[in-house]
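Asker: Residue numbers (this note's numbering), protein chains in the order written: chain A, 389 to 547; chain B, 13 to 458.
Be a bit skeptical, because a hint or two may be false.
[Unchecked claim] Sample of chain B residues facing chain A (criterion: CB under 10 Å; computed from the structure): (1) Pro46; (2) Ala268; (3) Lys284; (4) Asp327; (5) Gly374; (6) Asp384; (7) Glu388; (8) Leu391; (9) Thr392; (10) Asn394; (11) Phe395; (12) Thr415; (13) Lys420; (14) Gly423.
[Stated by the list, open to error] Coverage of chain A stretches by chain B, computed from C-beta distances (three or more under 8 Å per stretch; other residues unrestricted): (15) 478-492; (16) 521-529.
Since the hints were derived computationally from the structure, they do not count as laboratory data. Backbone N, C-alpha and C fix where the C-beta goes; we use that ideal spot for every residue, glycine too.
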Amino acid sequence: MNLSKTLKNGFLIILASLVLTACATQKKTTGQLQGDVYTGSDSVEYLASGVADRVFFATNETVLTTASRETLRKQAAWLRKNSKLTVVLEGHADERGTREYNLALGERRANSAKDYLMTYGISSDRISVLSYGKEKPVDSGSNPLAWSKNRRSVTVKAN
Amino acid sequence: MLFRYLFIFLVLLPIKAFALIEVDITRGNLNPLPVAVSPLSIDKDSKDNFKKILKKENLGSEISTIVENNLKQSGLFNPLNKDAFLQEPDIANLKPRFEDWNLIKAQALVTGKVTFVDEKLRVEFRLWDVLAGKEIMALAFTTVPSNWRRVGHIITDKVYERLTGEKGYFDTRIIYISEEGPKTNRIKKLAIMDQDGFNNKFLTLGNELVLTPRFSPTNQMVTYLSYFRNLPRVYLLDIETGMQEVVGDFPGMTFAPRFSPDGKKIIMSFAKDGNSDIYTMDLENRIVERISNHPSIDTSPSYSPDGKYITFNSDRSGYQQIYIMNSNGKNVKRISFGNGLYGTPVWSPRGDLIAFTKLHKGKFYIGVMRTDGTGERLLTENFYQEAPSWSPNGRVLIFYRETKTNSKGEGFSAKLWSIDLTGYNEKMVETETDASDPSWSSLLSN
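Same shape as in the complex, but just chain B (with noise of 0.2 Å):
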């Protein structure tokens, strides 16, 4: 909130009365700023500790690596080369001397301090204002040693949000499908991973199909659809507990599965007899509603924020286009008149815009355009790529992407990418196998 209108204030004065930084954050940012991750100072004892249980050499060195990719992955910030820093880490946490990180240019600066307390990872870390020499954050705290990896990205979230103004998405997991074996007979798992592609874990065998997996907004949850024992229908799965159960055991196929926000319902489609409809499943007494009653293709729901609206894409006009409604079902509009095809549309979660895909004279488009249709902004173009789905934040979109294959059917993949909502900094996801599918998950920790 500071920092929000500490902004206002700067638009109105002189900008010289300020060295306080700040990232533009608004277009594409082709000047990053540069900024210096030093390595987390550790004392000898908390290394050994460290050392033992995660088979780490430096933890601090490692933590500050994440907080650098991760910084430098958002296509925002320059994190420099550590090969220029001045100052050893220690005392860099204590009192940085500006002049040195001034000298190689860096307009702030991430210092910290880990260490072995009580069985438990204590961390400690500050953001520096190089240029006016100050403080501008300091925090600190406690968590379990296999959490290492989340507390380089709970530092990241923790950078971006006060050099930014808006919530990071850095502490957040991915779910996807993962894809194995030739283009007519692939094998797909549900896999989860973290933001940056660790942590990477298979939750079904690859025994029968699974596609389009959903977090839930806690993230324990997770709904997706599986072709057990040939019955495609939607299911529910606790990631902790691993526990799984249909959903949607209608007669007939129940697919494109979502959470409603308040985790409370399932939206879906259900097709019977050529016809897909859009229905709703409350998890706790198991009510079944109709939303959408119309003999064309009714698909990919996504609810706006609020839960008043539901989005999705229909064929009622003849081809399919993106529509909203009220989540009750009434007052449908069309809201997509391009040319082309708009598929699969996902409420942003600010609940200012809508993404979508966009099929248009042979190529696919990953898009976004206002609730009410206007403004339409087309990010990215390939052969194939669909199925955006948001960073928790709504900066960051992430889909999937085919490619094509040559005259003998050989060179197919399907990778994961990312691509800023700006439309700049589109990068792949590594990912172990071939994905598909990807869901964001909200942050983890909040």
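Here chain A stands alone, though its shape is the one from the complex (with noise of 0.2 Å):
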């Protein structure tokens, strides 16, 4: 019985792996965009001398990627360097979505950001969210790699 449960989870990790590589094969890299996240530089600030302030993602998702990750440990190491600092995450969304749903899925993507500022110890006291939907989009094209550049966390300093 426990032998079976056994086999069975490890097929099953096999198998995810499997999906996972070959969803991972698939994500290919065209100029900017990887997958349909940009990875470009075009419209990114910076906080402080390599600190980009934004991150991106894919469509309809509030999941982080690894270059997000690597951007956001930046900017943690930024914050408790600069403990008096405060900052709001500005989430956006692209224009391929309703009004008030892309509201909520801004609110959802600078919370991930804040999430995971968080678990580099900056307090949530430091951080505040304020979702902009697609209201405030930095290109105005309507093409997959302006919306790309459009589905964002904006890090910026609130003092």
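From the two separate chains plus the hints, produce the assembled complex.
Answerer: Laid out in structure tokens, this is it:
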């Protein structure tokens, strides 16, 4: 019984990793996009030398990519160094969604960035969250690249 | 009511026994009813008085033009060219010579008279069945002269109701968001106008971002989202007094507000820590109730007209879909199962349909489905459009549409559009500026 369960679980894990690999190979890097997450530096500003102010998301997603985690780790180090600073995380969505859902999505994106900063010891008192939904695009284009730049959470100094 | 009975009667008996006109509203009307709207007759004194007060050369023709435009816009009527009218307005209103009107193929005729009495505007009008050769409705009322456009809308509502058996939607207003400036830095203002685009008025100055205004059932109040002081919260505005107050002052963002059908509550989303749920606030005692409780995005709530149910969209299945639940939050059921994402559900005033926005394969659709999710019908497809709002009789939907920009990011516009429930009669609603987030009022005179 136990053995079969272990086997089953093992099988599931193998299956899961196969699926993940399949996904990973599908995510082609084309120009400034990986999958449909923006990887370029257009519109990116810097909070300090080497500390980018924003992270980007896939369509309808709020999960942080590896690159986003890297950026947020640098932001966390910068916040630790400047312990009096407070920040607003501004969450945004692209124009390909309904307005109200996008407001919620922007809020969720900014919160996933906030949650990650908190895992590096930044107190939640120092971070507030503000969603703009699709109201403040940085790129006015109606194409996948423009949309990828607009799906973002931007860390803005609040004091 | 009389009309309904007649209609049933009609089906059962040989048609030739009846000459009464009827308008088929059950399908897209490809043969709109030819109707003659005679200019309202006006005596010289009244004409001069109205000219002094309203700066209108001939108020009688001005009002009849409003009626004509309304009837034409509905898609169900074809107002005939006035040049072909043989009878003078005053004589026609006393007793039309039906042969003359028959000759130009008018099936219905509207006549009337407008007078200036005790500083007021008095109007009487009659609706005639040309084929049967008889009067089928007559009505008179008095109002202040500044209401002259509304007079035209009220006449249209009465004519429409008499000929279709459904309430009209012409004496109504649209509240919406006026938009100006580049796409990356839009200035948005709360604005209100008559259903036909006249009497436009801005209600905010554009200093802060405002979104998603919705009328209360009595049309006196509007609830909307404002970013005043960069705190996105649900607000309440009294249109008459201009008083504003925050109602959704929770420790987080409140958004997606709507009134309950009795006007006593506001239902809205509250987002905190990455989770959006649905709440209500009682406007009298300010008691807040949590309605949905799920770690997904629950938003865009809308009550059924009897207040017993709520429809909303949620991504609890992994993607944005439409759900209904009891008004206490119990018995949550998903109703959208087609391909694609579904959002912005709004319950029709008749109670039988839910209008929605659908996103599928890069296209946006406005559609309707029954409240159990069956009978999905997509009315219109475009690059981007969303947020349908029902006319008070549940016959027309107004929504907004945005254009695709070119490779340089130019060419963006946002406009209001309306479409008949049948999928016919799609048209742009003219606005002074770009516009979005329309919400239709209920009938003003009721």
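Asker: Each of the hints needs a verdict: does it hold here or not?
Answerer: A quick look at each hint next to the structure:
1. The closest approach between the C-beta of Pro46 (chain B) and any C-beta of chain A is roughly 41 Å, which is over the 10 Å cut-off, so the hint fails.
2. Checking Ala268 (chain B) against chain A by beta carbon gives a least distance of about 4 Å; that is within 10 Å, so the hint holds.
3. Residue-level restraint check for Lys284 (chain B) holds (minimum Cβ-Cβ distance to chain A is 8 Å; threshold 10 Å).
4. Taking 10 Å as the C-beta contact cut-off toward chain A, the hint placing Asp327 (chain B) at the interface holds, the least distance being around 8 Å.
5. Satisfaction of the interface hint for Gly374 (chain B) is found here, the shortest Cβ-Cβ separation to chain A being roughly 8 Å, below the 10 Å cut-off.
6. Given the 10 Å rule on beta carbons, the hint for Asp384 (chain B) is violated: about 22 Å separates it from the nearest Cβ of chain A.
7. Given hint, Glu388 (chain B) at the interface with chain A, is violated; its Cβ is 17 Å from that chain's nearest Cβ, farther than 10 Å.
8. Against a cut-off of 10 Å between C-beta atoms, the interface hint on Leu391 (chain B) is violated, since the closest Cβ of chain A lies about 16 Å away.
9. Taking 10 Å as the C-beta cut-off, the interface hint given for Thr392 (chain B) is violated, the closest approach to chain A being about 15 Å.
10. Interface hint at Asn394 (chain B): violated, since its Cβ lies 12 Å from the closest Cβ of chain A, which is beyond the 10 Å cut-off.
11. For Phe395 (chain B), the shortest C-beta to C-beta distance to chain A is roughly 7 Å, which falls under 10 Å, so the interface hint holds.
12. Interface hint status for Thr415 (chain B): upheld, as the beta-carbon distance to the closest one in chain A is roughly 8 Å, under 10 Å.
13. Because the beta carbon of Lys420 (chain B) sits about 8 Å from the nearest beta carbon in chain A, less than 10 Å, this interface hint is met.
14. Evaluation of the Gly423 (chain B) hint against chain A yields a held restraint, the C-beta minimum of about 9 Å falling below 10 Å.
15. Closer than 8 Å: that is the beta-carbon criterion, and the stretch 478-492 of chain A has 9 residues meeting it against chain B, so the requirement of 3 holds.
16. Evaluation of the coverage hint for the stretch 521-529 of chain A: fulfilled, as 7 residues show C-beta separations to chain B shorter than 8 Å, against a requirement of three.
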